[in-house]
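**Student:** Sequence:
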Amino acid sequence: LIQGDGSVKVDNSIQFTGWRINLARIGIRFLFDKKLDQMSYFGRGPFENYADRKSAADIGLFALDVNKQYEYEKPMERGNHEDVRWAKLGGKGMGAVLIRSDNNLMQVSALPYTDEQMFPVEYKIDMPESKATVFCLSTKTLGVGSASCGPRPLERYLVWSDDTAFTYTIILNDK
Numbered sequence: 001l002i003q004g005d006g007s008v009k010v011d012n013s014i015q016f017t018g019w020r021i022n023l024a025r026i027g028i029r030f031l032f033d034k035k036l037d038q039m040s041y042f043g044r045g046p047f048e049n050y051a052d053r054k055s056a057a058d059i060g061l062f063a064l065d066v067n068k069q070y071e072y073e074k075p076m077e078r079g080n081h082e083d084v085r086w087a088k089l090g091g092k093g094m095g096a097v098l099i100r101s102d103n104n105l106m107q108v109s110a111l112p113y114t115d116e117q118m119f120p121v122e123y124k125i126d127m128p129e130s131k132a133t134v135f136c137l138s139t140k141t142l143g144v145g146s147a148s149c150g151p152r153p154l155e156r157y158l159v160w161s162d163d164t165a166f167t168y169t170i171i172l173n174d175k
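Numbering (this note's numbering), first residue to last: 1 to 175.
Mixed in with the good hints, there may be bad ones.
[Unchecked claim] With a cut-off of at most 35 Å between alpha-carbon atoms, the simulated DSBU-like pairs for lysine-lysine come out as follows:
{"id": "1", "residue 1": "Lys131", "residue 2": "Lys35"}
{"id": "2", "residue 1": "Lys140", "residue 2": "Lys124"}
{"id": "3", "residue 1": "Lys140", "residue 2": "Lys35"}
{"id": "4", "residue 1": "Lys131", "residue 2": "Lys68"}
{"id": "5", "residue 1": "Lys92", "residue 2": "Lys131"}
{"id": "6", "residue 1": "Lys92", "residue 2": "Lys140"}
{"id": "7", "residue 1": "Lys34", "residue 2": "Lys92"}
{"id": "8", "residue 1": "Lys9", "residue 2": "Lys140"}
{"id": "9", "residue 1": "Lys140", "residue 2": "Lys68"}
{"id": "10", "residue 1": "Lys9", "residue 2": "Lys92"}
{"id": "11", "residue 1": "Lys34", "residue 2": "Lys68"}
{"id": "12", "residue 1": "Lys124", "residue 2": "Lys34"}
{"id": "13", "residue 1": "Lys131", "residue 2": "Lys88"}
{"id": "14", "residue 1": "Lys9", "residue 2": "Lys88"}
{"id": "15", "residue 1": "Lys124", "residue 2": "Lys68"}
{"id": "16", "residue 1": "Lys140", "residue 2": "Lys34"}
{"id": "17", "residue 1": "Lys92", "residue 2": "Lys68"}
{"id": "18", "residue 1": "Lys124", "residue 2": "Lys92"}
{"id": "19", "residue 1": "Lys140", "residue 2": "Lys88"}
{"id": "20", "residue 1": "Lys34", "residue 2": "Lys9"}
{"id": "21", "residue 1": "Lys9", "residue 2": "Lys131"}
[Unchecked claim] Now the in silico label distances, taken between C-beta atoms and shown as ranges:
{"id": "22", "residue 1": "Asp102", "residue 2": "Glu122", "range": "38 to 46 Å"}
{"id": "23", "residue 1": "Trp160", "residue 2": "Arg85", "range": "21 to 29 Å"}
{"id": "24", "residue 1": "Ser130", "residue 2": "Asn22", "range": "22 to 30 Å"}
{"id": "25", "residue 1": "Pro120", "residue 2": "Leu61", "range": "34 to 42 Å"}
{"id": "26", "residue 1": "Pro151", "residue 2": "Asn173", "range": "41 to 49 Å"}
{"id": "27", "residue 1": "Asp115", "residue 2": "Arg20", "range": "18 to 26 Å"}
{"id": "28", "residue 1": "Leu31", "residue 2": "Pro120", "range": "28 to 36 Å"}
{"id": "29", "residue 1": "Leu61", "residue 2": "Gly18", "range": "36 to 44 Å"}
{"id": "30", "residue 1": "Thr17", "residue 2": "Asp115", "range": "41 to 49 Å"}
Hints are computed from structural coordinates only; laboratory data are not their basis.
Note that this is a predicted model, so its numbers are computed, not measured.
Ideal placement from N, C-alpha and C gives every residue a C-beta, glycine not left out.
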């Protein structure tokens, strides 16, 4: 719904069919111009955090450079921030995009690559040049657990393919 002030209110209602399965996240992925490489947000930070690893992350106003976040040697999904009220992407000489949660707290990440681009690559040095800023806005994100060397996340941190609804507003700014 386009509001009178030019903002766009987005109501998502997701219905799943078939088997109930575990998912990595339920949300929306945006591909923005790679020059929108600065993110500020009000939520948990300053370091990455997930549903099962967020208690040490303070709630506050934080800023980060999309291209200078911690990288793991094996490229993988990273940089999630929980309990976010709003997030803003901008860049030098660029306008800005503000995304505000309307009814639920969000989980957000902004990376230079999609999960599909990172998955087949063995080492970060082999990643190609980024072509976009990949912004993920989720209503639910899978906990980390310790699956690389142990068990999956506890049941309460799993994301199931259950019907879900969430709302957010997109606001475009000149600067």
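**Student:** Each of the hints needs a verdict: does it hold here or not?
**Tutor:** Right, here's what the structure says about each hint:
1. Between Lys131 and Lys35 the alpha-carbon distance is near 9 Å, which keeps this suggested pair within the 35 Å criterion.
2. Proposed proximity of Lys140 and Lys124 is supported: the alpha carbons are some 27 Å apart, at most 35 Å.
3. Taking the CA atoms of Lys140 and Lys35, the gap is about 27 Å. The hint holds against a cut of 35 Å.
4. Among the hinted pairs, Lys131 with Lys68 is consistent with the structure: their alpha-carbon atoms are about 16 Å apart, no more than 35 Å.
5. For the hint pairing Lys92 with Lys131, the CA-to-CA distance comes to about 17 Å; that is within 35 Å, so the pair holds.
6. Restraint check for Lys92 and Lys140: the C-alpha separation of about 31 Å stays at or below 35 Å, so the hint holds.
7. The hinted pair formed by Lys34 and Lys92 meets the criterion: a straight-line CA distance of about 11 Å does not exceed 35 Å.
8. Taking the CA atoms of Lys9 and Lys140, the gap is about 19 Å. The hint holds against a cut of 35 Å.
9. Taking the CA atoms of Lys140 and Lys68, the gap is near 25 Å; set against the 35 Å cutoff, the hint holds.
10. For the given pair, Lys9 sits about 26 Å from Lys92 by alpha-carbon distance, which is consistent with the 35 Å threshold.
11. A hinted pair counts as satisfied when its Cα atoms are at most 35 Å apart, and Lys34 with Lys68 qualifies at roughly 13 Å.
12. A distance of roughly 18 Å separates the Cα atoms of Lys124 and Lys34; the hinted pair therefore holds under the 35 Å criterion.
13. As the CA atoms of Lys131 and Lys88 are separated by approximately 19 Å, the hinted pair is consistent with the 35 Å bound.
14. For a cut-off of 35 Å, the pair hint linking Lys9 to Lys88 stands: about 16 Å separates their Cα positions.
15. A C-alpha spacing of about 13 Å is found between Lys124 and Lys68, which places the hinted pair at or below 35 Å, so the restraint holds.
16. Only pairs whose Cα atoms come within 35 Å are accepted, and Lys140 paired with Lys34 is accepted, the gap being roughly 25 Å.
17. A C-alpha spacing of about 15 Å is found between Lys92 and Lys68, which places the hinted pair at or below 35 Å, so the restraint holds.
18. Restraint check for Lys124 and Lys92: the C-alpha separation of about 26 Å stays at or below 35 Å, so the hint holds.
19. A threshold of 35 Å between alpha carbons decides the hint, and for Lys140 with Lys88 the separation of about 20 Å falls inside it, so the pair holds.
20. The hinted pair formed by Lys34 and Lys9 meets the criterion: a straight-line CA distance of about 24 Å does not exceed 35 Å.
21. With a C-alpha separation of about 27 Å, the suggested pairing of Lys9 with Lys131 holds against the 35 Å cut-off.
22. Roughly 41 Å separates the CB atoms of Asp102 and Glu122, a value that falls within the hinted 38 to 46 Å.
23. Look at Trp160 against Arg85: about 25 Å separates their beta carbons, and that is inside 21 to 29 Å.
24. In this structure the supplied range 22 to 30 Å holds for Ser130 paired with Asn22, their Cβ-Cβ distance being about 29 Å.
25. Between Pro120 and Leu61 the C-beta distance comes to about 36 Å, which sits within the given range of 34 to 42 Å.
26. Checked against the hint of 41 to 49 Å, the C-beta distance between Pro151 and Asn173 comes to roughly 44 Å, which is consistent with it.
27. A C-beta distance of roughly 22 Å is found between Asp115 and Arg20, which places it inside the suggested range of 18 to 26 Å.
28. Leu31 and Pro120 have their C-beta atoms about 19 Å apart, which leaves the hinted 28 to 36 Å range violated.
29. Our hint of 36 to 44 Å for Leu61 and Gly18 holds, since their Cβ atoms are close to 41 Å apart.
30. Judged by the Cβ atoms, the range 41 to 49 Å given for Thr17 and Asp115 is violated: they are separated by roughly 23 Å.
Of the numbered hints given earlier, the model fails hints 28, 30; all others are met.
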